[in-house]
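Peer 1: One letter stands for each residue in the lines below.
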Amino acid sequence: MAFLDLFIVNKSGGLIHHRSLSEKAPQIGTNEWLRIGSTFHSLHAIAAEASPVRGKIDDGIELIESEGLVLCCFQTRTGIKFVLTAEPGTGYLQKVLKEIYVAYTDCALKDPFYELEMPIRCELFTQAVNDVMSRFGNR
Amino acid sequence: MSKSSITASGHTLWSKMPKANTELFALTYGSLITELLKDYDNDIEEINNQLERIGHSIGIRCIDELLAKSEVNGIDIGPCSNLENTAEVVAKIGFRCFLGMTCDVANVTEKSFSLFLYENPLSIFVELPETTNGDDDDRHQSFNSDGKENSGGGPDWSKLKYSNVYCGVIRGALEQINMKVECDFVRDVLRGHDVNEIKVELKEIMSDGAGQDYHEE
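Chains A and B are the protein sequences, given in the same order.
Under the working numbering, residue 139 is the last one in the first sequence; the count climbs by one each step, no gaps.
Under the working numbering, residue 217 is the last one in the second sequence; the count climbs by one each step, no gaps.
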């Protein structure tokens, strides 16, 4: 049961962070990841519009389950989407995403040189994500 | 969320946040103000604007921290159904968990509310100097462009909004959740009033952006 990839999409659909979390993760180039990020952003918005029941503001894709993959998305009230892909059967996806959100606020946001909506290049953030991964047992 | 659960959440979050020394905090802010006074040559209007701008940069980050930490601690700050709810969250959770301050909400209308701040940690050692009129001040600085009453005297300290950074923080934080507001520090204990009051006016609720492209016509 392994986590495969983490990616973070900003309010306007641009990819601000991508990271593979295990060797089982597919080897895809950065440009592909940018495309995946913006595609997911649009799909998320379309899903919210297409929904027969219009609920809260953070409507959108929460979970995609398939035979080879589970994709979990957490959209914050401020419009940032944290997306995690993992092997089927991996537990605690929502929990991990919330912990990563806290890591984002503590490391990336408090970095005085980090501008909002820009790509995250922060050593502390990478460390914090590593810690979250080891706590939730990424094998 | 009910008012009592909002207050309880504020207390819980405050207990989970790392604490800093109050004096260090107050004195650091005081030295920031002194630096601003030197940099902008005692131009009080400009300093108020700069403080608001600094607060804005802080606010846009604070909101995510508030939302993240409350999620992780099992506190569900649901979407606010009206402005009063938002005001309660700002006062009881926001100010409480970051600064340990007790705040009250008052004068709630459809488009505005007031926040009363009782103890202000930023101004615990502060006293604003007397505004000098006339020629016995050694530094003659006239601020005719600001239209102040005393021309030829020192800067008009009563116009300094010492804690204007709070107004910026509120504006920045609410901007991130698509609420455009304007904040003003209307009453200040430092200027002789009995309580600190911030008036927040809702200008508009911005639409989200992504969804708009896919709206059915």
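Bear in mind the hints are in silico, worked out from the structure with no lab data behind them.
Beta carbons: idealized from backbone N, C-alpha and C, even for Gly.
Take these hints with a grain of salt, some might be off.
Examples of chain A residues toward chain B, derived with CB under 10 Å [stated by the list, open to error]:
hint, residue
1, R19
2, T76
3, T78
4, T90
5, G91
6, Y92
7, L93
8, K95
9, K98
10, A103
11, L109
12, Y114
13, R135
Peer 1: Which of the listed hints are not met by the structure?
Peer 2: 1, 4, 5, 6, 7, 13
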